[in-house]
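**Q** Here are the chains, one letter per residue:
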Amino acid sequence: MIEKPVQDADSGPKISFQNVTRRFGEGEASFLALDRLNLDVGDGEFVTVVGPSGCGKSTAMNIAAGLTDVSDGRVLVDGKPVDGPGPERGVIFQQYALFPWLTVRQNVEFGLRIKRMPAAERRRIADHFISLVGLKDFADALPKTLSGGMKQRCAIARAYAVNPTILLMDEPFGALDALTRVNMQDQLLDTWNRERRTVIFITHDVDEAVYLANRVIVMAARPGRLHKIIPVNLPYPRTEEMRLSPEFAEIRNQVWHAVYHQNTRTN
Amino acid sequence: MSTLTTKDEDIAAKRLSSANLAPIALNLIAFTLAIGFWWGITAAKLVVLPGPAEVFQRAIELIASGQLPLDIASSLRRVLTGFLLGVAAAIPVGFLMGWYGPVRALIEPYIQFFRMVPPLAIIPLAIVTMGIDEAPKVFVIFLASFLSCVVATYQGVISVDRTLISAARVLGANDGVLFHRVIIPASIPFILVGVRIGLGSAWATVVAAELIAAQSGLGFRMQQAQLYYDLPTIFVSLVTIGILGLLMDRIVQATERRLTRWQERAR
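So the protein lines, in turn, are chains A and B.
Going letter by letter, the first sequence gives residues 1 to 267 in full-length UniProt numbering.
Going letter by letter, the second sequence gives residues 1 to 267 in full-length UniProt numbering.
If you are wondering where the hints come from, they were derived from the structure by calculation, not from laboratory data.
Quick reminder that beta carbons are idealized off the backbone N, C-alpha and C, glycines included.
It is possible that some hints are incorrect.
Derived list of chain B stretches under chain A, where covered just means 3 residues or more per stretch with a C-beta under 8 Å from a C-beta of chain A [to be verified]:
hint	segment
1	142-155
2	179-185
3	250-264
Here are a few chain B residues that sit away from chain A, every Cβ distance over 12 Å (derived from the structure) [to be verified]:
hint	residue
4	F37
5	L46
6	A64
7	L70
8	G242
Derived, one-sided and incomplete: chain A residues facing chain B with beta-carbon distance under 10 Å [unchecked claim]:
hint	residue
9	R89
10	V91
11	F99
12	K115
13	A139
14	L142
15	T165
16	L168
Please construct the entire structure, taking both the sequences and the accompanying hints into account.
**A** And the structure:
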């Protein structure tokens with residue numbers, strides 16, 4: 001059998017949402033969480049998704065992760081439809097979701113252990129990513145001894161360790177304080193620059209959305225749907241100066257309006 | 001300024017040491033007060049009960065005659081047999097109930113039904129159907145500890161954090177891995193609470209079981225002593241049961257602390 005789609009996958013999008021629809025509940029009580037979402041994300045692209053609560057951004061991410069089924073439509077990864085979770089898609093949750101009984105290193109090794117990778121290799125890979133996120137001195141610490149930011153860095157290292165080509169991040173910095181958050185954004189971009197992956201990053205912070213992304217996807221609620229796509233034409237690496245620049249402010253304004261004045265714009 | 005700091009440190013140090021010593025000191029004070037109170041009311045003939053000295057003397061006699069060790073051995077054997085069998089059965093059943101919906105639906109009504117029937121109420125039935133030797137006594141203890149422990153285990157499995165399950169799934173865990181590496185460790189704290197409750201139920205039941213039909217045991221000894229109006233022996237048995245229960249609980253507690261060191265505790 002000749003695998004033709006591989007060639008298409010190289011030129012086509014890394015991940016493609018096609019008419020993705022999700023309805024929760026049945027009959028009268030049902031509601032449309034996501035209505036015909038169409039979105040293509042290119043290989044190595046960093047897109048952020050913002051929108052009011054109920055816009056279906058988490059639902060879209062869970063569908064892409066394979067944790068939620070679609071009611072209609074499909075998600076393609078490298079041209080193949082998503083059916084359940086897969087190692088090529090790493091997920092980072094807002095609540096960190098570290099296994100509290102495992103140390104940082106054991107958490108990072110979790111996915112590798114499942115793959116039955118030999119201990120030495122597992123350890124080498126885990127240590128590489130633990131260093132990458134700056135947790136070298138805490139490799140043997142239990143999660144309860146870590147701060148929120150450190151926990152999330154551990155979760156990022158764990159997701160990276162299984163070598164996914166796509167990272168799905170659901171408000172990963174939502175529980176962190178403003179200062180730690182800015183720090184984490186820089187670290188994430190730094191990690192992403194060194195180990196390029198396709199990233200879909202959900203946030204409710206407009207600033208964060210603009211600072212991180214190639215493109216900001218703005219969604220609307222009731223029913224959850226795509227509202228607007230705003231490109232961020234700022235080069236990487238992003239810097240503090242850029243964050244305070246007029247260009248940044250301009251894009252930030254656009255996104256802000258798209259998020260907070262959806263009705264006035266569309267009416 | 002410097003004197004102030006030293007003073008503060010002094011106070012802090014004092015607080016620290018008193019915090020360490022306080023529980024033990026308070027335990028001792030409580031113990032002494034209780035003995036004193038007991039001695040006081042018996043010496044003043046306020047109640048017709050044996051005093052501490054009399055009970056202590058009887059304890060020495062019973063130990064010397066070998067009767068107390070024999071009673072302890074028989075009661076302990078029953079408790080341990082019934083309790084260990086109960087826990088050994090409760091853990092797998094609890095896991096099955098938590099993991100498989102149909103198993104839960106099949107078993108849960110029976111568990112809830114028997115939980116509402118006090119194990120002691122089963123004793124007459126057990127004696128009629130199993131005779132008056134060890135079997136009915138061990139059986140009711142088994143039932144008592146099984147019922148307390150099975151509910152805790154099942155609760156533990158169903159209350160495992162959904163995000164941890166999702167995290168394991170996206171890292172590539174199938175059902176087997178999920179069960180071994182996530183469900184079991186995550187439910188251990190619940191199971192151990194169940195084990196502690198089960199142990200309490202086991203002791204509560206053994207005495208009642210021995211009151212009804214036995215040739216030895218702490219409950220049996222009390223029953224005998226009651227016939228002869230031998231209050232000191234009743235007291236010796238009561239205190240012995242209390243001490244044994246306390247010791248076993250401490251062992252379980254120590255195990256619990258060791259196995260759940262990873263848990264975040266609110267002191």
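**Q** All hints, please: hold or fail.
**A** Hints, verified against the model:
Interface restraint, the segment 142-155 of chain B with chain A: violated (0 residues with C-beta to C-beta distance below 8 Å; minimum three). Counting residues of the segment 179-185 of chain B whose CB lies closer than 8 Å to any CB of chain A gives 3, which reaches the minimum of 3, so the coverage claim holds. Counting residues of the segment 250-264 of chain B whose CB lies closer than 8 Å to any CB of chain A gives 4, so the stated coverage by that chain holds, three being the minimum. No Cβ of chain A approaches the Cβ of B/F37 within 12 Å, the least distance being about 43 Å, so the stated non-interface status holds.
Distance check for B/L46 against chain A: the nearest CB is about 52 Å away, which clears 12 Å, and the non-interface claim stands. Chain A leaves B/A64 outside its interface by the beta-carbon criterion, the shortest separation being 49 Å against a cut-off of 12 Å. At roughly 43 Å from the closest C-beta of chain A, the C-beta of B/L70 stays outside 12 Å, upholding its exclusion from the interface. With a minimum CB-CB distance of about 34 Å to chain A, B/G242 clears the 12 Å threshold, and the non-interface call stands.
The beta carbon of A/R89 is positioned within 10 Å of a beta carbon in chain B (closest approach about 7 Å), and the interface hint is therefore held. A least Cβ separation of about 4 Å between A/V91 and chain B falls short of the 10 Å threshold, and the interface hint therefore holds. Taking 10 Å as the C-beta contact cut-off toward chain B, the hint placing A/F99 at the interface holds, the least distance being around 6 Å. With 10 Å as the threshold, the beta carbon of A/K115 comes within range of chain B, its nearest partner Cβ sitting at about 7 Å, so the hint holds.
Nearest Cβ of chain B to the Cβ of A/A139: about 16 Å, over the 10 Å cut. The hint is violated. Against a cut-off of 10 Å between C-beta atoms, the interface hint on A/L142 holds, since the closest Cβ of chain B lies about 5 Å away. A hinted interface residue such as A/T165 counts as satisfied when its beta carbon comes closer than 10 Å to some beta carbon of chain B; here the least separation is about 14 Å, so the hint is violated. Hint on A/L168 holds. Least Cβ distance to chain B is approximately 8 Å, under the 10 Å limit.
Hint compliance for this structure: hints 1, 13 and 15 are broken, all remaining hints hold.
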